[in-house]
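**Q** For reference, the chains in residue letters:
Number of protein chains: 2
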Amino acid sequence: MVKRNKNLKKLKSGYLFPEITRRKNKILETEPEAKIISLGIGNTTEHLKPYITEALVDGAAGLGTPEGYSGYGDEQGMTQLRTRIAENIYNNKVEPEEVFVSDGAKCDIGRLQLLFGNNVTIAIQDPAYPVYVDGSVIIGATGEYKENTQGFDKIVYMPCTPENDFFPDLKKLQRTDLIYFCSPNNPTGAVATKKQLKKLVDFAKANKSIILYDAAYAKFIKDKDLPKTIFEIPGARECAIEVNSFSKIAGFTGVRLGWTVVPNELKYEDDSSVREDWNRIMTTIFNGASNIVQMGGLGSLEESGLKEMQETVDYYMENAKIIKEGLDELNIKSYWNGNSPYIWAEFPGKDSWDIFSDILEKCHVVTTPGAGFGPAGQGFIRFSSFGHKEEVIEAIERLKEKL
Amino acid sequence: MVKRNKNLKKLKSGYLFPEITRRKNKILETEPEAKIISLGIGNTTEHLKPYITEALVDGAAGLGTPEGYSGYGDEQGMTQLRTRIAENIYNNKVEPEEVFVSDGAKCDIGRLQLLFGNNVTIAIQDPAYPVYVDGSVIIGATGEYKENTQGFDKIVYMPCTPENDFFPDLKKLQRTDLIYFCSPNNPTGAVATKKQLKKLVDFAKANKSIILYDAAYAKFIKDKDLPKTIFEIPGARECAIEVNSFSKIAGFTGVRLGWTVVPNELKYEDDSSVREDWNRIMTTIFNGASNIVQMGGLGSLEESGLKEMQETVDYYMENAKIIKEGLDELNIKSYWNGNSPYIWAEFPGKDSWDIFSDILEKCHVVTTPGAGFGPAGQGFIRFSSFGHKEEVIEAIERLKEKL
Numbered sequence: 135m136v137k138r139n140k141n142l143k144k145l146k147s148g149y150l151f152p153e154i155t156r157r158k159n160k161i162l163e164t165e166p167e168a169k170i171i172s173l174g175i176g177n178t179t180e181h182l183k184p185y186i187t188e189a190l191v192d193g194a195a196g197l198g199t200p201e202g203y204s205g206y207g208d209e210q211g212m213t214q215l216r217t218r219i220a221e222n223i224y225n226n227k228v229e230p231e232e233v234f235v236s237d238g239a240k241c242d243i244g245r246l247q248l249l250f251g252n253n254v255t256i257a258i259q260d261p262a263y264p265v266y267v268d269g270s271v272i273i274g275a276t277g278e279y280k281e282n283t284q285g286f287d288k289i290v291y292m293p294c295t296p297e298n299d300f301f302p303d304l305k306k307l308q309r310t311d312l313i314y315f316c317s318p319n320n321p322t323g324a325v326a327t328k329k330q331l332k333k334l335v336d337f338a339k340a341n342k343s344i345i346l347y348d349a350a351y352a353k354f355i356k357d358k359d360l361p362k363t364i365f366e367i368p369g370a371r372e373c374a375i376e377v378n379s380f381s382k383i384a385g386f387t388g389v390r391l392g393w394t395v396v397p398n399e400l401k402y403e404d405d406s407s408v409r410e411d412w413n414r415i416m417t418t419i420f421n422g423a424s425n426i427v428q429m430g431g432l433g434s435l436e437e438s439g440l441k442e443m444q445e446t447v448d449y450y451m452e453n454a455k456i457i458k459e460g461l462d463e464l465n466i467k468s469y470w471n472g473n474s475p476y477i478w479a480e481f482p483g484k485d486s487w488d489i490f491s492d493i494l495e496k497c498h499v500v501t502t503p504g505a506g507f508g509p510a511g512q513g514f515i516r517f518s519s520f521g522h523k524e525e526v527i528e529a530i531e532r533l534k535e536k537l
Numbered sequence: 135m136v137k138r139n140k141n142l143k144k145l146k147s148g149y150l151f152p153e154i155t156r157r158k159n160k161i162l163e164t165e166p167e168a169k170i171i172s173l174g175i176g177n178t179t180e181h182l183k184p185y186i187t188e189a190l191v192d193g194a195a196g197l198g199t200p201e202g203y204s205g206y207g208d209e210q211g212m213t214q215l216r217t218r219i220a221e222n223i224y225n226n227k228v229e230p231e232e233v234f235v236s237d238g239a240k241c242d243i244g245r246l247q248l249l250f251g252n253n254v255t256i257a258i259q260d261p262a263y264p265v266y267v268d269g270s271v272i273i274g275a276t277g278e279y280k281e282n283t284q285g286f287d288k289i290v291y292m293p294c295t296p297e298n299d300f301f302p303d304l305k306k307l308q309r310t311d312l313i314y315f316c317s318p319n320n321p322t323g324a325v326a327t328k329k330q331l332k333k334l335v336d337f338a339k340a341n342k343s344i345i346l347y348d349a350a351y352a353k354f355i356k357d358k359d360l361p362k363t364i365f366e367i368p369g370a371r372e373c374a375i376e377v378n379s380f381s382k383i384a385g386f387t388g389v390r391l392g393w394t395v396v397p398n399e400l401k402y403e404d405d406s407s408v409r410e411d412w413n414r415i416m417t418t419i420f421n422g423a424s425n426i427v428q429m430g431g432l433g434s435l436e437e438s439g440l441k442e443m444q445e446t447v448d449y450y451m452e453n454a455k456i457i458k459e460g461l462d463e464l465n466i467k468s469y470w471n472g473n474s475p476y477i478w479a480e481f482p483g484k485d486s487w488d489i490f491s492d493i494l495e496k497c498h499v500v501t502t503p504g505a506g507f508g509p510a511g512q513g514f515i516r517f518s519s520f521g522h523k524e525e526v527i528e529a530i531e532r533l534k535e536k537l
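Respectively, the protein sequence lines represent chains A and B.
Counting the first sequence from 1 gives a position; my numbering is that position plus 134.
Counting the second sequence from 1 gives a position; my numbering is that position plus 134.
Simulated from the structure, these hints should not be mistaken for lab results.
There's no promise every hint is true.
Quick list of in silico lysine to aspartate or glutamate cross-link-like pairs, EDC-like style, CA-CA up to 16 angstroms [as the list claims (entries may be wrong)]: (1) B:K143 / A:D357; (2) A:K140 / B:D311; (3) A:K137 / B:E410; (4) B:K144 / A:E410; (5) B:K143 / A:E229; (6) A:K137 / B:E372; (7) A:K146 / B:E410; (8) B:K144 / A:D404; (9) B:K143 / A:D404; (10) B:K137 / A:D311; (11) B:K536 / B:E463; (12) A:K140 / B:D404; (13) A:K183 / B:E201; (14) B:K333 / B:E372; (15) B:K140 / A:D357; (16) B:K329 / B:D299; (17) A:K137 / B:E445; (18) A:K137 / B:E403; (19) B:K137 / A:E403; (20) B:K137 / A:D357; (21) A:K329 / A:D357; (22) A:K140 / B:E403; (23) B:K137 / A:D405; (24) B:K143 / A:D462.
Between beta-carbon pairs, the in silico distance windows are [claimed, not checked]: (25) B:S491 / A:E153: 53 to 59 angstroms; (26) B:S406 / A:Q308: 34 to 40 angstroms; (27) B:P296 / A:K280: 17 to 23 angstroms; (28) A:E221 / B:P368: 23 to 29 angstroms; (29) A:E281 / B:D357: 54 to 60 angstroms; (30) B:E524 / A:K146: 54 to 60 angstroms; (31) B:P368 / A:Q308: 52 to 58 angstroms; (32) B:K342 / A:D485: 42 to 48 angstroms; (33) B:P482 / A:E153: 56 to 62 angstroms; (34) B:A340 / A:N298: 25 to 31 angstroms.
Over 12 angstroms on every C-beta distance to chain A, these chain B residues come out as not near it, computed from the model [stated by the list, open to error]: (35) T164; (36) E188; (37) P200; (38) G244; (39) D357; (40) V447.
Ideal Cβ positions, reconstructed from N, Cα and C, are used throughout, including at glycine.
Could you put the whole structure together from the sequences, leaning on the hints where they help?
**A** So, in structure tokens, the structure goes:
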């Protein structure tokens, strides 16, 4: 008989978010009338803006005409979109051929794990977006899960906590092939400064490591001095890949559009090109993002679309401010720097899942338990600012009243 | 430094279709005026029909309204679409929870390879859709490429040729964990009969193998006696996974929508559920097909949409008939059974890439060299019926004139 993939066997129970959904549904079974508000999963709630909607509608309608129809496109994405991303997001600091359009950052992370295979060592920020760990387990790059460390063997966890200003102590860090790094960070909301990122790039270059830089929240950065892409840092083109997404900024969580930049300078030990292998992965087991959706991406990067994306970002950031101020009033210590849609709240000495359940049961508010993002997330709760403003206000009111 | 993934190193040059594009572009460099007609890649050319277009347009427009907006959906697909697929395509012989909606069959095949990992043995029809082999190489389930056999070590190639009626001789076949099987076949166009599929299912059950059944062309089957899904065969629910697609039937090659059925009865050696592991893969490294596109899928499976899909199938089948008749007139032996969009032409003793180049250079018609699909494809050329009818007619005229 066919043996179960031993890597899948290693995984811990469910992926974080399905587990949260299960717990939420349990509440609804006993209290079907409960009006649950979610500040949990980073799921956009505001409908698409008119210009971007029109771009999608036009893209769909065009397919119904002989002139507008297109079948398979380039697996790497429409040239026009790759060019626009290079121009607008990267000020032409990357080439269009280095930009690979996709159906989203999560899927690209899975494909990057396939690209590098199971014979690499890995460092991950702790806490971190669960896909870095779970995908690495699935591809077989890790050992078994150890209860005592609450982590997987063969993964180097880089604690990012208030104590180290959410930036790993690189002097103590052992060398790995890959370093996952997310800024603005999910879940902590921390944004690395130019100085910090410079340290990271220098560390990667000195160690001949590759940084997998997740910039999915870069558009939430308001401070002009904070880097919005790793490619602002000298030397990054020789040591970094950047993953990015339209999900949160254009409201495309369900629409599905992202991209990955693999610079031409990035090489393996044998001097062969990482970009060429990535191209092979993308053309072999991927078939391009939807042509309709790519038209929406193009619209988003036109002047009117950019304005609409900024409005969307501003809306959620207003929510973040409301949450932060509410937690302050409740005397719950929390971290939020005004450049991220996530607020990281600290409950010293408590178990994350207990706090999560407490908030869920008492206030009918869904959050995300910090421990779900890694051992260093224990004792923390992530509040997401993705929600309708009036619900965010109500959620905070409930917290004030019932917690 | 980071070592290149040894599996990617094993791959042969480019993926088949990019290689064809390169050769086509070479012609255009020297003859920029050449009007090249493609009967090569199976790429749909006819614009979407009105009802299906409207479903997509409505899906997109809805996202611009508070009532119609949706963010992340279930990674497995909209319940309504899973239900409709179970009802309409499978006559309720599969459960909605066994249907996983995706961004296409090619991507699902890549994820299935990740599901089973590198510790499985594999049998593949020869010739076959290149993704079965290339994806298996990337995940590390194969050995090195051997020039003498023109194949990869550790893959069992099942020759499917006119001599064995395009169906493998199962009596001689060694047991493998996975058996890739595609019907209607890409590239040969052969369709397995119920009797043949029964033999295959019995073989898989006796050997405790899992069949990965690619039914992407099932809607092209006209003969009522031929099975349109492997789940018509008793016992298939214990040994088969089916991959399917809207690409060719709804014109969704660029729109991206497919699905995979993993029956609840399918188990690993340890009696654990394959479906549950597939669910874990889909929720961890995938984030659902685009919500807009899924609305188009729903429209396609309503009465008007089904009618439109049938018209699309009929259009391409008319092209197939034109190609078949043209090849007959040219006394080129070819195989086409009236149930597939591909015609498989035989040029005994000749090299596929030579015939390909000959047709491309003399007639400016792109085909697909059979050898690109595996060693048993040598001496064959695949003609695809996906094209504008007037161009298909012209291509055949050129063949008659210049070949």
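**Q** Determine for every hint whether it applies to the structure shown.
**A** Now for the hints, and whether the structure bears them out:
For a cut-off of 16 angstroms, the pair hint linking K143 (chain B) to D357 (chain A) is broken: about 43 angstroms separates their Cα positions. With a CA separation close to 15 angstroms, the supplied pair K140 (chain A) and D311 (chain B) stays within the 16 angstroms bound. Restraint check: the Cα-Cα separation between K137 (chain A) and E410 (chain B) comes to about 14 angstroms, which is no more than 16 angstroms; the hinted pair holds. Distance check on the hinted pair: K144 (chain B) and E410 (chain A) sit about 14 angstroms apart at the alpha-carbon level, within 16 angstroms; holds.
For the given pair, K143 (chain B) sits about 25 angstroms from E229 (chain A) by alpha-carbon distance, which is inconsistent with the 16 angstroms threshold. Between K137 (chain A) and E372 (chain B), the direct Cα distance comes to roughly 15 angstroms. Compliance with the 16 angstroms bound is thereby established for this hinted pair. This hinted pair checks out: K146 (chain A) and E410 (chain B) have alpha carbons roughly 13 angstroms apart, not beyond 16 angstroms. For the given pair, K144 (chain B) sits about 14 angstroms from D404 (chain A) by alpha-carbon distance, which is consistent with the 16 angstroms threshold.
Under the criterion of a C-alpha separation no larger than 16 angstroms, the hint pairing K143 (chain B) with D404 (chain A) is consistent with the structure, at around 11 angstroms. At most 16 angstroms may separate the alpha-carbon atoms for a hinted pair to count; K137 (chain B) and D311 (chain A) meet this at roughly 8 angstroms. Only pairs whose Cα atoms come within 16 angstroms are accepted, and K536 (chain B) paired with E463 (chain B) is accepted, the gap being roughly 14 angstroms. As the CA atoms of K140 (chain A) and D404 (chain B) are separated by approximately 11 angstroms, the hinted pair is consistent with the 16 angstroms bound.
About 14 angstroms separates the Cα atoms of K183 (chain A) and E201 (chain B), which keeps this hinted pair within 16 angstroms; it holds. For the hint pairing K333 (chain B) with E372 (chain B), the CA-to-CA distance comes to about 14 angstroms; that is within 16 angstroms, so the pair holds. This hinted pair does not check out: K140 (chain B) and D357 (chain A) have alpha carbons roughly 43 angstroms apart, beyond 16 angstroms. Taken as a hint, the K329 (chain B) and D299 (chain B) pair is honoured in the structure, with Cα atoms around 13 angstroms apart against an allowance of 16 angstroms.
Between K137 (chain A) and E445 (chain B), the direct Cα distance comes to roughly 44 angstroms. Violation of the 16 angstroms bound is thereby established for this hinted pair. Using a Cα cut-off of 16 angstroms, the hinted pair K137 (chain A) and E403 (chain B) holds, with the two alpha carbons roughly 5 angstroms apart. With a C-alpha separation of about 5 angstroms, the suggested pairing of K137 (chain B) with E403 (chain A) holds against the 16 angstroms cut-off. Taking the CA atoms of K137 (chain B) and D357 (chain A), the gap is near 38 angstroms; set against the 16 angstroms cutoff, the hint is violated.
For a cut-off of 16 angstroms, the pair hint linking K329 (chain A) to D357 (chain A) stands: about 14 angstroms separates their Cα positions. Simply put, K140 (chain A) and E403 (chain B) have alpha-carbon atoms about 12 angstroms apart, close enough for the 16 angstroms limit, and the pair holds. At roughly 10 angstroms between alpha-carbon atoms, K137 (chain B) and D405 (chain A) fall within 16 angstroms of each other, so this suggested pair holds. A distance of roughly 55 angstroms separates the Cα atoms of K143 (chain B) and D462 (chain A); the hinted pair therefore is violated under the 16 angstroms criterion.
Separated by about 56 angstroms at the C-beta atoms, S491 (chain B) and E153 (chain A) satisfy the suggested range of 53 to 59 angstroms. At roughly 35 angstroms, the beta-carbon separation of S406 (chain B) and Q308 (chain A) lies within the given 34 to 40 angstroms, and the hint holds. Restraint check, P296 (chain B) to K280 (chain A): a C-beta distance of roughly 57 angstroms breaks the suggested window 17 to 23 angstroms. Checked against the given bound of 23 to 29 angstroms, the beta carbons of E221 (chain A) and P368 (chain B), roughly 58 angstroms apart, lie outside it.
Separated by about 58 angstroms at the C-beta atoms, E281 (chain A) and D357 (chain B) satisfy the suggested range of 54 to 60 angstroms. Between E524 (chain B) and K146 (chain A) the CB atoms are about 58 angstroms apart, so this pair conforms to the stated range of 54 to 60 angstroms. For the hinted restraint 52 to 58 angstroms between P368 (chain B) and Q308 (chain A), the CB-CB distance of approximately 56 angstroms keeps it satisfied. At roughly 43 angstroms, the beta carbons of K342 (chain B) and D485 (chain A) sit within the given window of 42 to 48 angstroms.
About 60 angstroms separates the C-beta atoms of P482 (chain B) and E153 (chain A), a value consistent with the hinted range of 56 to 62 angstroms. Checking the proposed 25 to 31 angstroms range against A340 (chain B) and N298 (chain A) shows it is violated: the Cβ atoms sit about 59 angstroms from each other. Distance check on T164 (chain B): its Cβ is at least 23 angstroms (rounded) from any Cβ of chain A, clearing the 12 angstroms threshold; non-interface status holds. Non-interface call for E188 (chain B) relative to chain A: violated, since the shortest CB-CB distance, roughly 8 angstroms, does not exceed 12 angstroms.
Chain A draws P200 (chain B) into its interface by the beta-carbon criterion, the shortest separation being 5 angstroms against a cut-off of 12 angstroms. Under the 12 angstroms C-beta cut-off, the non-interface status given to G244 (chain B) relative to chain A is violated; the minimum distance is some 3 angstroms. No beta-carbon of chain A comes within 12 angstroms of the beta-carbon of D357 (chain B); the shortest separation is about 27 angstroms. For V447 (chain B), the condition that its CB be more than 12 angstroms from all CB atoms of chain A holds, with the nearest at approximately 15 angstroms.
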